[in-house]
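Required output: the full structure, derived from the provided sequences and hints.
Here the sequence shown is numbered in the numbering used here, starting from 35 and rising by one per residue.
Do not take every clue at face value.
What the hints assert, rightly or not - In the EDC-like style, the derived pairs of lysine to aspartate or glutamate whose C-alpha atoms are separated by at most 20 Å in a straight line are: (1) Lys220 / Glu202; (2) Lys220 / Glu142; (3) Lys384 / Asp407; (4) Lys153 / Asp112; (5) Lys180 / Asp326; (6) Lys180 / Asp380; (7) Lys156 / Asp225; (8) Lys180 / Glu240; (9) Lys180 / Glu246; (10) Lys180 / Asp253.
By construction, these hints were calculated from the structure, which means they are not laboratory data. Predicted model, so just to flag it, every value in this text is computed and none were measured.
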Amino acid sequence: MRRRREGLELAVGVGLLLGPLMFALTLPRPGEVAATCDAEPAAEPTPEVIVVEVCEREPAPEPTPAPEPAPEPEPVLDGALPFVFVNANGLVFSTEAAPEWGTGRFHEPPGDATFRVGKRAKLSQLPATLLAQRGRSFDLYGPNGKVCSARVGELRVISQYDGWSLDEVMGEDIWERYEDPEDIPKRMWRDALWAREGHWLVAEIESDHSCEGALWARDAALPAPMILRPTQRETSEGTARIATFERSDELAQTRAEYTAWYDALPPEAREYEQTWQTMANQAPASVTSWVDGANHVRLVELDFGSDTESCGDGFAARITSLDLVDGDSFIDTGRYTDVTAIFDADLDGKLEYLYVEAWDSGMMLTSESEALDLSLMIDRDFVCPC
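Listed below in structure tokens is the structure:
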């Protein structure tokens with residue numbers, strides 16, 4: 035019994051020792067896969083990834099844009115003058131200059147007056163507005179528009195007197211020593227003329243072109259003025275104005291007064307005067323039309339008859355008017371006719387009227403704006419026509 039038990043224990047021990055070995059022998063070898071119906075197919079080998087280095091190139095530089103031209107400098111409008119008289123003296127900036135504005139020796143400036151004296155302007159004495167005109171450019175205009183552009187030249191202070199005598203300058207006592215104005219030493223009349231009132235500040239006109247015929251100027255930095263141009267061609271407005279005049283009470287009254295005056299003349303005096311019909315035939319009603327840039331008639335200037343009155347003789351039978359065209363109507367401006375130029379200098383919608391007196395070199399500007407009511411008059415001898 036004992037021996038049987040020992041044999042059993044030996045068998046169990048051997049089994050415990052050999053069991054793991056036998057199990058290990060039954061396992062598949064490495065790399066072998068047991069074939070089964072449900073086995074998944076072997077995975078495909080992973081393809082080799084080839085890395086290609088890409089060298090990024092710098093973008094081509096954009097072409098440098100051409101530099102834009104520098105903008106034109108804005109015109110300086112501070113102190114820009116919309117109107118300046120122009121005459122033989124140059125650009126007339128002031129007719130109220132003081133003698134102290136001049137410096138240096140006397141010289142004879144350009145001009146039409148018989149006696150003239152001038153000095154260079156002393157810049158430190160000039161008002162700021164006038165001093166600011168140095169270096170500026172001006173556009174110069176005549177009766178029919180622009181004639182030239184010019185630069186402001188040398189500034190001068192001048193005094194002048196026109197006529198054959200110097201009575202108003204030196205007094206009548208001067209003729210006790212001299213018989214003719216040309217005999218008076220220049221030094222004497224220059225000193226006397228400079229001591230008078232009425233000095234002007236003028237500027238020399240510097241231009242590359244002729245400025246002949248210029249009557250007024252405007253700072254070139256300002257917008258161009260509105261200018262009316264006179265025409266004698268027939269216009270519907272002019273024809274209508276004549277028709278209105280021929281039906282007017284003014285014409286009828288003048289005709290009646292003239293006829294009565296002529297009938298009252300003694301027979302011998304009638305040889306030197308004209309009948310109404312003769313006068314009307316020789317000086318019939320005529321019209322000058324003033325047109326703008328669009329060729330629209332803005333004003334009409336009527337002229338009729340003649341004025342033979344002088345020193346109490348003759349008869350003033352001339353009738354004139356300067357009328358604004360307002361549709362089919364005419365509005366009397368109340369201004370003189372024989373106007374030299376009409377324009378809107380400062381573009382305020384109000385017209386300026388420029389008159390030039392040929393016999394005394396005087397100039398007058400009247401305006402619908404009081405700021406531009408100006409005059410330019412050279413002192414001269416007065417000769418009574420009677």
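How the hints compare with the structure:
no., hint, verdict
1, Lys220 / Glu202, "holds, 16 Å"
2, Lys220 / Glu142, "holds, 10 Å"
3, Lys384 / Asp407, "holds, 12 Å"
4, Lys153 / Asp112, "violated, 27 Å"
5, Lys180 / Asp326, "holds, 14 Å"
6, Lys180 / Asp380, "holds, 15 Å"
7, Lys156 / Asp225, "holds, 18 Å"
8, Lys180 / Glu240, "holds, 16 Å"
9, Lys180 / Glu246, "holds, 11 Å"
10, Lys180 / Asp253, "holds, 12 Å"
Comparing the model with each earlier hint shows a violation of hint 4 alone; every other hint is respected.
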